[in-house]
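Q: Here are the chains, one letter per residue:
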Amino acid sequence: MATKLPAKDVAIIGLGWTGAILANELSDQGLDVVAIERGPWRDTATSFNIGYAADELRYGVRLDLFQQPAQSTVTFRNRDQETALPVRQWGSFQPGNGVGGAGVHWGGQTWRHLPSDFRLRSHLTERYGKSFIPDELSIQDWGVTYAELEPFYDQFEYLAGISGKAGNLKGVIQAGGNPFEGPRLREYPLPPMQMTYAPTLFAEAAQSVGYHPFPSPAATLSADYTNTLGIRMGQCTYCGFCVGFGCANYSKASPQTSVLPVLMRKRNFEARTECEVLKVNLDRSGKRATGVTYVDSSGRQWEQPAELVLICAFAFNNVHMMLLSKIGRPYDPNTRKGAVGRNYAYQTYSSVQVFFDDKIFNPFISSGACGQTVDDLNGDNFDHSGLDFIGGGSISCQPTDGRPLAHLPVPPGTPRWGARWKEEAKKNYLRSFGFASQGSSYAAYRNHLDLDPTYTDRFGRPLLRMTFDFPDNDVRMSNHVVDRMELIAKAMTPRHYVLDRRARPYSVVPNQSTHNTGGAIMGMDPSTSAVNKYLQSWDVPNVFVVGSSAFPQNPGYNPNGTVCALAFLAADAIVSRYLKSPGRLLET
Amino acid sequence: MSPVRRGLWVAGLAALLATGSIPAADMQSFATIERGRYLAVVADCAACHTRPGGRPYAGGVTLQTPFGTLIAPNITPDPKVGIGSWTDEEFIAALRDGRGRGGIYLYPAMPYPAYTKMTREDALAIRAYLQTIDPAPDEIEPDQLPFPFNIRATMIVWNAMNFTAGRVAPDPSRSAQWNRGRYLVDALGHCRTCHTRKSLMGADESTGYLQGGRLGSWYAPNITADRQKGIGRWSVGDIVTYLRTGANAFTLSSGPMGEEVTHSSSHMTDSDVEAIAAYLLSLRGTTQKSPRPLAETDTRMRAGHAIYEDNCAPCHNDAGTGAAGLFPRLAASPAVQSDDATTLIRTVLFGSQAAATPDAPTGPAMPSFGWRLGDAQVAAVITYIRNAWGNAAAAVSPGQSRMVRRAHNVP
Amino acid sequence: MGITRRHLLASTVGLSIAGLGTPAQSRDYRGGSLPWEPVDTSPPVPVRPGPWLYFTAEEAAAVEAIVDRLIPPNDSGPGGKQAGCAVFIDRQLAGPFGDSRSLYMRPPFVQGTPSQGLQSPILPKERYRRSLAELDEHCKTFFAGAGFAALSAVQQDEVLIGLEQGAIRLNDGGGKMFFETILANTIEGFFSDPIYGGNRDMAGWRLIGFPGARYDYRDYVSRHNEPYPLPPVSILGRSDWSVPE
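Chains as they are written, first to last, in our numbering: chain A, 1 to 588; chain B, 1 to 411; chain C, 1 to 245.
Extracted from the complex, chain A is given alone in its bound form:
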């Protein structure tokens, strides 16, 4: 039986980026806040000691910083007609764990979505007509606009020290930046990173075929920086141990480097680690949360009463928590009724590898975000008239992961072992690089999340079940983008190149991206969304669900810039509206 604890004003499930941002904003208001994190405490000097942070086996292969599937995983199937089976070891996506969450191990690519991304269905209908949108797709407008989110994007960028070049300042296109981006009020807080050879070559080639490359906006900092909380952060040293690794020298924006030093010193904030929240507790009406119940490492259960519950556990974990707690109506793909679990989406990833004889790229010199991007083929940045798909992808040359266990390219036809393999590995390691597309993943009615009927976690709770395959639309989109990536590759005159197209069926085996989105989407209509534009649950007004779970579909970008902007948006809504008048912020 759970022991009841003294009440708090706010209970936050998960202490990653969104949990840390919300905890800090709300504790600034004098509220009593507790964050409950199921993983361990992590901090730079003690958890990412520079003497062993650069350990590819431990972090890059054995995934030491990630969620251990033994503790929690999901089940997966491509279609409803199949039986979902557990993802017993991570491959396609690799969720984070512990204080800092994915903010510890991310690569730092930080984007704003395009203005058209936020009103996708309306925009496409206006431009191409209603019938242009494939029937299989359940894409929706968000309910919040780019303009409304702009100040919160800015807030996160200045919190994190994002290093980039503005492409659109108050409507005026700026040379050197992304000409397609939405208007921003001011420049990035730091200039772009220095460029290594590969992205430089990529940019030249992209420009030569008529595209507009610009430096990728990076949360791996280009210079020393004092952020908006007065916290000092350091300059990235391009060590190449970025995605999957903790940063040892305070130079990758994370909750650790950007928020926790201030947050942990507040007397009205408490963090509990290695404590797993089992569910959000609701009162008899089912319309009000009374707090959460969690289990500590000894197996003891605790009830933490709270006035406000924030679900900040990451993307699909948020959806899992809602389903387990019976918040909102679960989605049924047959009737298309219900909102919790609908519009699950991913990222449509593809890549090109180029091989040279005469160039040295030093692939080990990189960060997770040091590179160049081309946005010409993203979203609706190009005219889709006459094409058989909607959407697109950003194309980035950010050759991170340049370490041997992640990058040992050999030309097609090379055996996978033996003397010839050894020679080709030796020859090509320094002389090859790749560039990739983060393609949009447009939600489909049949892609969804729900609770598995068979497999459980160590507490006996059903695992989350993921039913997903790439919609036909996305495969067509991806091929279109890859065809143009091929043009860029050719323009570099490599010895040869290899295209890695995205094809069906989607497999959980090869690592692609941990940009899982949707399942608790925001919207204007409670019958087709789980949260309103402030990320407040339509059904349980004192619950907010914050993360990429709110994306109605995934645009062609890494999600974290928007995730953290949404966290600031939610914080602002809670502080300026909810606290003054608790209850539903919006009527339906």
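Bear in mind the hints are in silico, worked out from the structure with no lab data behind them. Quick reminder that beta carbons are idealized off the backbone N, C-alpha and C, glycines included. Incorrect hints may appear among the rest.
To be verified - Just a few of them, taken from the derived set where beta-carbon distance is under 7 Å, the chain A residues facing chain C:
#: 1; residue: D55
#: 2; residue: A70
#: 3; residue: R88
#: 4; residue: P261
#: 5; residue: I360
#: 6; residue: N362
#: 7; residue: F364
#: 8; residue: I365
#: 9; residue: A419
#: 10; residue: V508
Given chain A, put chains B and C in place with the hints provided.
A: Relative to chain A, chains B and C alone:
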């Protein structure tokens, strides 16, 4: 405390400190009590008399002295286990003469050799403030020393040899700011207790005032205006920023000084911190000429350079310049060139967390390297930083590293 | 070298991954400070040379032979055996990797589609033991009583190709899976930090020009198309760290 409220306190204090004395009838007055609170912060009574997480001034902090362990007593106004039933004269005698109730001799871990320089009015103001603290029931037995140090009467001899009671009169040839600075440093802040070398008897050496002292496995560096080993290259502004925020362009405070900044100097007024800075910079350094650095070709320097490149440069940079507010500057650093390398050795072995204050909230930490580097390597890399980039200081031996490890039971 | 025996834990297991060995304790952080403890780290435990921790002598001989064919010695540098790949694999199997400690291993185990990934209940250490035994049996049958280690290089390659392509199925068709596993582990052993027992003397890194556990390349970011000049360094350090007596 919010910045606005703080500003009001500071204004009130400034007015108070200008006057200098307290009529007896004012012992209950808010102004006196507030002045006493401030003085208790400057004197950092809480450093010993408030356990982390414990009740204010209820005692309980354990002090490791070369002679054994002492525990600071409860100085809340509890009549039985605190000092609530003490008279003002008894309180002043403890503070300034090192005599407890009934005339028992206090150990100079209670820095009465410094506090003796405090004015009577200041002592009474502290008393008035302490009387307003919530009485705490913590019963502390201070004396944990082994024989014969537990015989308090031995202090008679110690005091005869090492202690001179009473105030030091202001120097009329110096400015009011300099005198205030000296008073803060000597009477209240008792800086010399850490920053001056101790004799075998545990008293301050008469030479070497503020030129550095060992405190357990920390070395409190030279804080005179010595240009190589002291703060002679720092401006008043640099010192003020360091004491108020814990970090300046050169370095960050950590360890016992980090605690000092967090609990004491970060709460002092601007004018007081400036006075301390002006005073310290008036103390002429004693390093006559720059020593010769070890040659680059020295095998220890070569190995140290390689170790530095692979372990230290990603934060402290190839040129030893560090990053302000994050990674201390090693080039031209007085702490790095200290005669005693103990702090450097323990920092490399165990790591260290910098202090954090509201104005410098980062509190970055140096990771530990003791698991990765053997004693010869620790000695080499420290020898390297002490002799690179224009630095020059004695080499460090593997034996020194071994001793610091052993003292902390760390493999 | 810096890291000595005193850093080894009491356990005989040569590898420790934080969080998997001992169960972590719930902690409560409040009271207004950023938590920090001196010496609070979990460095990898260095693999010691010495007796096999998991493999029998016969198994080890076969594995050493396999890794030396997967990555043969030649003019470019040492092969898998000299690089310590078999030692690496042995220590890995004796640790959390060997018994899939971090994976979800709850039943029921059902054969899924290729999209659904690994669904086998067989632990890596079991797979090696079983497959090596079956492989030896196969070799003795087809090569007149000679186990894998006793075959010529040409014959060994033939067998490996057979496993890779599924022609040699072993019992229950586990041949291909075994081959994929040992290939992946061999490459891991060849290129992971030498602290784990493989990549001896950073042979793998020297082969391809990877500088190892370095952390600062700021001076080289803009030096396009130039080779990187510094030698590789491991978590264990490099020879330049040594102070001659």
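Q: With reference to the structure, classify each hint as holding or not holding.
A: Here is what the structure says about each hint:
Taking 7 Å as the C-beta cut-off, the interface hint given for D55(A) holds, the closest approach to chain C being about 6 Å. For A70(A), the interface hint holds, since its Cβ comes within 7 Å of a Cβ in chain C; the closest pair sits about 5 Å apart. Hint status for R88(A) relative to chain C: holds, with the closest Cβ pair at about 5 Å, below 7 Å. For P261(A), the interface hint holds, the least distance from its beta-carbon to any beta-carbon of chain C being 6 Å, beneath 7 Å.
Hint status for I360(A) relative to chain C: holds, with the closest Cβ pair at about 5 Å, below 7 Å. At its closest, the beta carbon of N362(A) sits 5 Å from a beta carbon of chain C; the interface hint therefore holds under the 7 Å criterion. With 7 Å as the threshold, the beta carbon of F364(A) comes within range of chain C, its nearest partner Cβ sitting at about 6 Å, so the hint holds. Nearest Cβ of chain C to the Cβ of I365(A): about 4 Å, under the 7 Å cut. The hint holds.
For A419(A), the shortest C-beta to C-beta distance to chain C is roughly 5 Å, which falls under 7 Å, so the interface hint holds. With a cut of 7 Å, the hint placing V508(A) at the interface with chain C holds, because the nearest CB-to-CB distance is about 5 Å.
Comparing the model with each numbered hint stated earlier shows that all of them hold.
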